[in-house]
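On the provided structure of chain A, position chain B as indicated by the hints.
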Amino acid sequence: MSVLADRVSAPRELLWAHPEWWVVGLGLAAWLPVVQHGMMKRGSAHADHLSFAAELGYWHVMVLAMMLPIVATKARDVAIRSFPERRHRAIGLFLIGYLVPWSALGTLAAWMRTFPWTHSQALTAGAFAAATIWASLPLRERAMVMSYGHEPVIAPTGWDADRDCVKAGLAIGAWCLVSCWALMLACVLSGHHLVAVAIGAAIGLVEGASFRPPRTFVRVASVALTLFFSVPLQDQLLTR
Amino acid sequence: MARIRKNVWKLKPADKTMDWYERAVTVMKGKPIADPTSWRYQGAIHEYVRQIDPFAGPGDSMPSSAEQKKYWNQCQHGSWFFLPWHRMYLHFFESIVSAEVEKLGGPSDWALPYWNYSDANDPNARLLPVPFRAATKPDGTPNGLFVPTRTSAANAGSQFADAADVAIANPLREPDYQSFDFGTGFGGPQTNFMHGGGLIGSVELGPHGSMHMAVGGWMQQFSTAALDPIFWLHHANIDRLWQVWLDRDASHANPAVSRWLTGVQFDFRDADAKAVKMSSKQVINSKASPLSYSYEDTSDPLTPALGIIHKPAAAKMTKKAKKTSTEMVGATRASFTLNSAVTHASFAAKPKAAKRGAAAAAAGPMRRVFLNIEKLVSNEPAPSYDVYLNVPDGQNPKDHPNLFVGRLPMFGLVESSKKSAISSGSGLHYALDITNLYAHVSTLPDWDPNNLRVSFVPARGQAPANVTVGRVSLYFE
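Residue numbers (this note's numbering), protein chains in the order written: chain A, 1 to 240; chain B, 1001 to 1477.
Looking at chain A on its own, in the form it has when it is part of the complex (with noise of 0.2 Å):
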């Protein structure tokens, strides 16, 4: 007889096992406008004149797209430091902190997309050029270390127990902006472009999966980005 038998079914045991299984969800679901967004017909995507509060919701879709399958082990963290009923709880308030630091970001975006100026291939294209760069730099490599070793403390009951979480996750959501923010701004600018969301989504699984980051296929792709949106070949891609 087992202790876990007494309360949880067979079944079910797997979804017992990994609470986060709702962040991935989440995060799958959420490229759904993704994809819809970067399928519509617009001509050049960079080029898109959007509404304050349509880009913010584009966004933070885009943000829950590409960060919510890197972040589930770390929603798995809080979890498996709660007591069994509070499981949810704390990955709910995880990501509450964890999407503070991005929607400020996101608000600022947003800001900037009502500007003309902002709707530039050139812009775009440099902007991939300087995730490229940042790319490469030591303080992203300390923002990633510090992220993905962010080791949380939980209190078991109470305020203190949901603080903790959303502590949590404004730590990790911070250093993950530190991490990504060239790069989630350059993909504003090139009006969410699929192939650029796609791609930059890729290159924050493999590096959250690898031993090391794997320099060679972040540069590659950065750079790949980098001449695809210096080029008007985006313009026909994905357009109908």
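Read the hints as simulated data drawn from the structure, not as lab findings. We put the beta carbon where it would ideally sit given N, CA and C, even for glycine.
25 Å max Cα-Cα, derived DSS-like pairs, lysine-lysine:
id, chain 1, residue 1, chain 2, residue 2
1, B, 1012, B, 1137
2, B, 1016, B, 1103
3, B, 1277, B, 1031
4, B, 1103, B, 1006
5, B, 1419, A, 167
6, A, 167, B, 1418
Label pairs and their calculated CB-CB ranges:
id, chain 1, residue 1, chain 2, residue 2, range
7, A, 26, B, 1335, 30 to 36 Å
8, B, 1066, A, 123, 32 to 38 Å
9, B, 1396, A, 29, 56 to 62 Å
10, B, 1277, A, 137, 24 to 30 Å
11, B, 1276, A, 73, 27 to 33 Å
12, B, 1302, A, 26, 45 to 51 Å
13, B, 1339, A, 219, 46 to 52 Å
14, B, 1276, A, 219, 21 to 27 Å
15, A, 26, B, 1281, 34 to 40 Å
Below, chain B alone, put in the same frame as chain A:
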């Protein structure tokens, strides 16, 4: 060529293994740090901090920063790569020493001996082996194996390690290689690059960590540990225990996933200073090429006669049918510091779960119970701490050996607390299997799941240090 690694305490009087080791070490110490076959370069592979390099001098010509970044500061701790990485490290070191031995006119099959300090049949086992103790050799020349900063008892040939330092019962009884979710495992948790910190595997905790701390001096820090020649015999024994663990039970197995087997290529330089890469898969069979070595003795040491930490733990550990998750049952509310002669922490275990866990643990087939000491952080070196469970109020934990949980070695504490390019500074995390002890204390008259008490005492009567404990928590499998 097949090498046989022998027990240093069982070398015959005419055996020259240690003489050749001393001569080769002396040659290696004479080489510049930029030479990959030098003593200092070999130590720096583990970690290098120039500020505390005991050999640093104004004339040092350091390797390029690219060389340092690729080959130095590579040791893996708090990781399922702890065992394979150190096996590779020993292999290349042994090749380098062997090449030096051959150049000196010695045998071509020189092999690194091991120090089996846990040998219950040898009263000398815990003593520092004789060749390492004296500052000079009989001819008056310096002994290359001597390190003055070790604890004085070690160099004096006196007892310096106790039963808790050399205990091997807990790691050898681990059913799994990998540690999962606040539980214990023989080899450590799945990680990416992990230079230090995080959840420590059972054999890495002890006897690995505890003997690093017991020997003292250079052995107590990552960056100086491998500069002590005893380091290599100590790690040969840890490497041997890996094989002992695999051999002693048919269900014991290494991870079979590609992420562990081939997912990582570690960088080393071989005896010819050539760049080489190696993955875990290449070192899981030490008798096969490229390693080609075996140990003199890998028999199972867990006999009833073996002295172990606490008697209840000698009970048979029932195999679990399959891997299951852990759940948190209780935890302390706030962090605290271990800066007193005795530090107590208490917390409530959820009564229903606590009762169920105690009953299951007592009746068997047991569900395992784990005490976790999370996020130990300090910016100064600290002694090892002994942990006790439910010591009656006002009493000295040392008077209750039957309530002893285990020893926290604190090896790597400062390194894992420091934020750097390769460390988040999250400190150490120890998980201790307290299944039998938990079952025992839950039958005592003062048992109260709403008041579980954990006590921390510096081992060997040492002064306490400013070590912060993030949380103490209880988990049931």
